[in-house]
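Visitor: The lines below spell out each chain.
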Amino acid sequence: MENKLIGSSSPHIRSDETTQKLMLDVIIALVPALAASIYYFGFKAMILLLASVISAVATEYLCQKFMNRPITVTDLSAVVTGILLAFNLPAQAPWWIAVVGSVFAIGIVKQVFGGIGFNFLNPALAGRAFLMASWSPHIAGGFINPATDAVASATPLAMIKGTASGQLPSLWDMFIGNIPGVIGETSSILLLAGGIYLIYRGTIKWIIPAFYIGTVAVIALIFDAGNLPYHILGGGLILGAFFMATDYATSPVTDKGKIIYAVGAGVLTMLIRKLGGYPEGVSYSILLMNILTPMIDKYVKPHVFGVATGGKKNEK
Amino acid sequence: MSTKLFTFKGGVHPPQSKSLTQNVPIEDAKAPDIVVIPLSQHIGAPCDPLVAVGDTVKVGQKIGESKAFVSVPVHSSVSGTVKKIEPRQVPGGAKVNSIIIESDGKLEVHESVQPKGSLDNLSKEDILSIIKEAGMAGMGGATFPTHVKLSPPKDKTMDTLLVNGAECEPYLTADHRIMLEKPELVLLGTKAVMKALGVAKAYICIENNKPDAIEALEEAAKGEEGIEVVSMIAKYPQGDEKRLINAITGRVVPSGGLPMEVGCVVENVGTIATIGNVIQTGMPCVQRVVTVTGSAVETPKNLYVRLGTLFSDAIEMCGGYKEEPGKIINGGPMMGIAQSSDQVPVIKGTSGILVLNKKEANLPEVSNCILCGKCVEACPVYLMPYKISRFSLLKNFDGADEYHATDCIECGACSYICPAKRPLKESISVAKKEILTRRKKAK
Numbered sequence: 001m002e003n004k005l006i007g008s009s010s011p012h013i014r015s016d017e018t019t020q021k022l023m024l025d026v027i028i029a030l031v032p033a034l035a036a037s038i039y040y041f042g043f044k045a046m047i048l049l050l051a052s053v054i055s056a057v058a059t060e061y062l063c064q065k066f067m068n069r070p071i072t073v074t075d076l077s078a079v080v081t082g083i084l085l086a087f088n089l090p091a092q093a094p095w096w097i098a099v100v101g102s103v104f105a106i107g108i109v110k111q112v113f114g115g116i117g118f119n120f121l122n123p124a125l126a127g128r129a130f131l132m133a134s135w136s137p138h139i140a141g142g143f144i145n146p147a148t149d150a151v152a153s154a155t156p157l158a159m160i161k162g163t164a165s166g167q168l169p170s171l172w173d174m175f176i177g178n179i180p181g182v183i184g185e186t187s188s189i190l191l192l193a194g195g196i197y198l199i200y201r202g203t204i205k206w207i208i209p210a211f212y213i214g215t216v217a218v219i220a221l222i223f224d225a226g227n228l229p230y231h232i233l234g235g236g237l238i239l240g241a242f243f244m245a246t247d248y249a250t251s252p253v254t255d256k257g258k259i260i261y262a263v264g265a266g267v268l269t270m271l272i273r274k275l276g277g278y279p280e281g282v283s284y285s286i287l288l289m290n291i292l293t294p295m296i297d298k299y300v301k302p303h304v305f306g307v308a309t310g311g312k313k314n315e316k
Numbered sequence: 001m002s003t004k005l006f007t008f009k010g011g012v013h014p015p016q017s018k019s020l021t022q023n024v025p026i027e028d029a030k031a032p033d034i035v036v037i038p039l040s041q042h043i044g045a046p047c048d049p050l051v052a053v054g055d056t057v058k059v060g061q062k063i064g065e066s067k068a069f070v071s072v073p074v075h076s077s078v079s080g081t082v083k084k085i086e087p088r089q090v091p092g093g094a095k096v097n098s099i100i101i102e103s104d105g106k107l108e109v110h111e112s113v114q115p116k117g118s119l120d121n122l123s124k125e126d127i128l129s130i131i132k133e134a135g136m137a138g139m140g141g142a143t144f145p146t147h148v149k150l151s152p153p154k155d156k157t158m159d160t161l162l163v164n165g166a167e168c169e170p171y172l173t174a175d176h177r178i179m180l181e182k183p184e185l186v187l188l189g190t191k192a193v194m195k196a197l198g199v200a201k202a203y204i205c206i207e208n209n210k211p212d213a214i215e216a217l218e219e220a221a222k223g224e225e226g227i228e229v230v231s232m233i234a235k236y237p238q239g240d241e242k243r244l245i246n247a248i249t250g251r252v253v254p255s256g257g258l259p260m261e262v263g264c265v266v267e268n269v270g271t272i273a274t275i276g277n278v279i280q281t282g283m284p285c286v287q288r289v290v291t292v293t294g295s296a297v298e299t300p301k302n303l304y305v306r307l308g309t310l311f312s313d314a315i316e317m318c319g320g321y322k323e324e325p326g327k328i329i330n331g332g333p334m335m336g337i338a339q340s341s342d343q344v345p346v347i348k349g350t351s352g353i354l355v356l357n358k359k360e361a362n363l364p365e366v367s368n369c370i371l372c373g374k375c376v377e378a379c380p381v382y383l384m385p386y387k388i389s390r391f392s393l394l395k396n397f398d399g400a401d402e403y404h405a406t407d408c409i410e411c412g413a414c415s416y417i418c419p420a421k422r423p424l425k426e427s428i429s430v431a432k433k434e435i436l437t438r439r440k441k442a443k
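Residue numbers (the working numbering), protein chains in the order written: chain A, 1 to 316; chain B, 1 to 443.
In isolation and in its complexed conformation, chain B is listed as follows:
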């Protein structure tokens, strides 16, 4: 095991709270009676439905597609009958046109699902098309279409793939368990993406709070040319792609720029393992590992869930609520999105379902900023959060812009650390949105 530990400047150390599920093996969740498959689970153009109410569908069958480049298709995660096609609330908060399928319980696999064969027989273009057709979008939570990320403009030269297994969000252990239990899929996915990108170097980046995952992947990567497992200090937000690139390669992605500008592509390890699975079995992205956890969940688990499963069903599979829930979060506690109900479906970006109890969910009382500077020290982008927040609360968005509000990655480290419990990240987000909207209008 390499002894060098990579890291970045700034950040915070929230309690990890991972012990609830880190030693719990991934469990195959049973198929729910009803799945709700939103036609947009990714960033980009929403899909048009390919099926109509009353149609029968099978597992892995493509049921929605868009002609746009920045979009990925969606597939049925069960076999059964299309009951309705209507707008439904999704974890992002919006209402999205969704296909509601009643499962027949048979889980019959669609005939299009065929293993893709050996990587050696697949060309770069083959792999890109397989990835797109499988509906791959960033499963770390950002849900950016993977094939778009893997098709950089001709003038950019890529040389490094970073497989992001940092999983720096507290509570979440889905990626940890994937790396531990499916290292061979991670390896296969890594090799496929390396080939699609035409890069010779890949780093599998894991925080040092997961020594067993590091060991498993080092074992699996033994003798593999160009694939290196690296360990990083467990610190939030180590998994942010620009922090990751900087920690491992020393490169600095310019402000407002993308990783490709420094020759890097970062892919979440869950995405990579799913790509491995797509190549091996041909099954598109219809399932994902979700950490269902938190103090208000009876038996926290890492569930291998069919996409479209309602949060309420997933929580039920973990024994239901232990106490009255105060907050239900899609994702982790630092960047996840609070839900208004548990009647939302698991989508491609749902890495966790975190249920906090009433006490934990209570919002803290806000007091005066005491100018302690802890937010400045915690900011991984080296912003001055208290200043931007002050400008934002005064609706002085030019001031916020001057202090680089748009460089904020919304990791929440400032709000987390603030002794006065000020809504720093929250107000900076408001300024950021406002500034970006104004810039768009000005164009």
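Isolated chain A (complex conformation):
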């Protein structure tokens, strides 16, 4: 029997947590909002979701195949990216926009840099930014108002910015998602439910969503108190704070780092909304903080047990 025993360094047991299970949790958390997007935006939303998810998974598979890397599509991370990318599109966007965005998100942003864990930008948001730069009429317009099913209705944030006119929706409509916007961002309550599920499961920590939303709320209270509910619920903040800003690879690892990152994203979001050219700033502010993440992780480290304060080692 000697040669049949397995020898390896400790530990000899592993938790049953896997990357696939974590991603599955994110998908489960997205299901309520996904159902809402189909409910409010109908067949168009379904086409966008399908096109986005299928092309994301296919791109991941083909990239890995051509690069002779292990095929890891079963870890479900490409599915998450696909859903999130579609969530960032207005209902009127043509299906090929979703395909182009997914191919860019997975192929360029994720696989070229080494696959899962090595992307320095959130793939879905980078995909959206790419589409925004290349086909902005399809991304910045074409919203549908689910209440009237009319095209080109302005989002609440565009209205408070003054770049569009219209009747601001009620708080309740913003909660349930009965407002114009990209297909995944509108139903705050269902996104919140998903986010709370992720925190409960330990898949994400509460720190980034709480500090991100909190920062936006505080700045809005100081400079634009009258529009506070629209800043919180009228755009992509809830979707961004719970599902985009918490992306493992592109957010800091330590608690302190997460706070810096989330507050930074909150400040940038409000800067863009109040002073910038766009009515909405969530996606760009998260992308900008993504870029700062390696630096935050370099300088914000946990204080090692028993090491003298000041980070110096007590040499023996």
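Among the hints, a few may not be true.
What the hints assert, rightly or not - Okay, derived cross-link-like pairs now, EDC-like style, lysine to aspartate or glutamate, Cα gap no bigger than 20 Å in a straight line:
hint : chain 1 : residue 1 : chain 2 : residue 2
1    : B       : Lys30     : B       : Glu108
2    : A       : Lys21     : B       : Glu365
3    : A       : Lys4      : B       : Glu360
4    : A       : Lys298    : B       : Asp398
5    : B       : Lys18     : B       : Glu360
6    : A       : Lys301    : B       : Asp398
7    : B       : Lys421    : A       : Glu17
8    : B       : Lys358    : A       : Asp16
9    : A       : Lys301    : B       : Glu402
10   : A       : Lys4      : B       : Glu316
11   : A       : Lys301    : B       : Glu365
12   : B       : Lys9      : A       : Asp255
13   : B       : Lys359    : A       : Glu17
14   : A       : Lys4      : B       : Glu323
15   : B       : Lys421    : A       : Asp224
16   : B       : Lys84     : B       : Glu102
17   : A       : Lys4      : B       : Glu324
18   : B       : Lys106    : B       : Glu27
19   : A       : Lys4      : A       : Asp255
20   : A       : Lys274    : A       : Asp224
21   : B       : Lys18     : A       : Asp16
22   : A       : Lys298    : B       : Glu402
23   : B       : Lys201    : B       : Glu224
24   : A       : Lys65     : B       : Glu324
25   : B       : Lys359    : A       : Asp16
26   : A       : Lys298    : B       : Asp401
27   : B       : Lys83     : B       : Glu102
28   : B       : Lys421    : A       : Asp16
29   : A       : Lys4      : B       : Asp342
To be verified - So, partial list: chain A residues that the calculated Cβ filter (under 10 Å) puts toward chain B:
hint : residue
30   : Ile6
31   : Gly7
32   : Ile13
33   : Asp75
34   : Ala154
35   : Tyr197
36   : Ile199
37   : Arg201
38   : Gly202
39   : Thr203
40   : Tyr248
Read the hints as simulated data drawn from the structure, not as lab findings.
Each residue gets a CB set at the ideal place from its N, CA and C atoms; glycine is no exception.
With chain A held as given, fit chain B onto it using these hints.
Guide: Chain B alone, transformed into the frame defined by chain A:
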């Protein structure tokens, strides 16, 4: 029962898997036909044999000794004849010169084995010498010579003894059963060590997953001056000495330092009970409680085994293998050492023999780090395991050093929790060894 629960920040909650043996009373294992007694079962200088091939020996007879201070003698665990003295594989992995004794089955006790009398009549020096002569070394697994630990340099003032009954390793229940069945030996050993150290305060520290042991020791410690039983939240690695000291006393042992730098000594409860037994009966360290367990063992048990018993014999005493073993581990699943065969002897540091089946032993498939940060959260030393591991795999040991690789206690919590199943602790250990070797060379 005190209601305060002590704990530390970080750590993990692996399945305890203790139900296999936690309610199984300690069983006196029968003496095997052959024992293999390595001349080094401790950290420090190996012993020289005091007997020759052909000599007859008795139980408790000293058969190996070293003149070095950091060393402890070894004793025969059976009576019989010395058959061979040759290098044999030990659970640590190395080949160590060992005395192989064939038992005559009589278990005749050597005349040197005499009760040591009342503690009141023993001086500090007497106790230290009894502990050394009995071959005491840390039985929690580290096997550091006990008398050395109890002889701190003159400039260090000790004030607290912590008796470590955390037993945070999954599967293991040896310490649990000792505390439950032999609380009086734990108490006697605690008092002896307190006297040897000259400290007035001792805490017997037990995780709250062993309420019966807490109760038994509280009962035994009733009215004892300065001895307090404290309960801790069951969490791995609560039994690590620096975690234990921090949880109970709030003190922080400096990086690279020893517990004595904060006035504390931590002793495993099995060591303490054995010291109690040495004082009471005079029998040196020739037996220990070993949890023989795991899915591939027919009837898992807590065995009171004679040192030198081969793993194969101990497993046989538990009904043998239930299925083909995939992995045999000396110790627990988190920090134990995988064995290349079952022909290794039980030594002073063997707290458990864990036999996993083929399925459990299979190594998981490794995938990319997803930067989830779970290892950072689990690390009880507050390291960034994924970063050190990355440096180590790139052979950038300066980078690993910068991230305090040498502070790693190798508890394995990071590897355990990693969803990508990355060999975090394994690669950090490599970096740690490399850095320490380089530092030695530089001196």
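Visitor: Could you grab the alpha-carbon distance between Lys298 (chain A) and Glu402 (chain B) and see if it respects the 20 Å cut-off?
Guide: holds, 12 Å
Visitor: Can we keep the Arg201 (chain A) interface hint, with Cβ of chain B closer than 10 Å?
Guide: At about 13 Å, which exceeds the 10 Å cut-off, the nearest Cβ of chain B leaves the hint on Arg201 (chain A) violated.
Visitor: Is the straight-line distance between the alpha-carbon of Lys4 (chain A) and that of Asp342 (chain B) 20 Å or less?
Guide: holds, 12 Å
Visitor: Does Glu324 (chain B) lie within 20 Å of Lys4 (chain A) when you go C-alpha to C-alpha?
Guide: Holds, at about 9 Å.
Visitor: Going straight from one Cα to the other, do Lys4 (chain A) and Glu316 (chain B) come out at no more than 20 Å?
Guide: Holds. Lys4 (chain A) to Glu316 (chain B) sits at ~19 Å (cutoff 20 Å).
Visitor: Does Asp16 (chain A) lie within 20 Å of Lys358 (chain B) when you go C-alpha to C-alpha?
Guide: holds, 17 Å
Visitor: Given Ile6 (chain A) as an interface hint, is the shortest Cβ-Cβ distance to chain B below 10 Å?
Guide: Since chain B brings a Cβ to about 4 Å from Ile6 (chain A), closer than 10 Å, the hint holds.
Visitor: Are the Cα atoms of Lys4 (chain A) and Asp255 (chain A) separated by 20 Å or less?
Guide: Distance of about 44 Å is beyond 20 Å: violated.
Visitor: Could you grab the alpha-carbon distance between Lys301 (chain A) and Glu365 (chain B) and see if it respects the 20 Å cut-off?
Guide: violated, 29 Å
Visitor: Hinted pair, alpha-carbon criterion (20 Å max): Lys359 (chain B), Glu17 (chain A). Please report holds or violated.
Guide: holds, 17 Å
Visitor: Check whether the Cα positions of Lys301 (chain A) and Asp398 (chain B) lie no farther apart than 20 Å.
Guide: Given pair Lys301 (chain A), Asp398 (chain B) holds - Cα atoms ~17 Å apart, limit 20 Å.
Visitor: Under the criterion of a CB-CB separation shorter than 10 Å, is Tyr248 (chain A) in contact with chain B as hinted?
Guide: holds, 5 Å
Consistency note: the structure conflicts with the earlier hints numbered 11, 15, 19, 24, 34, 35, 36 and 37.
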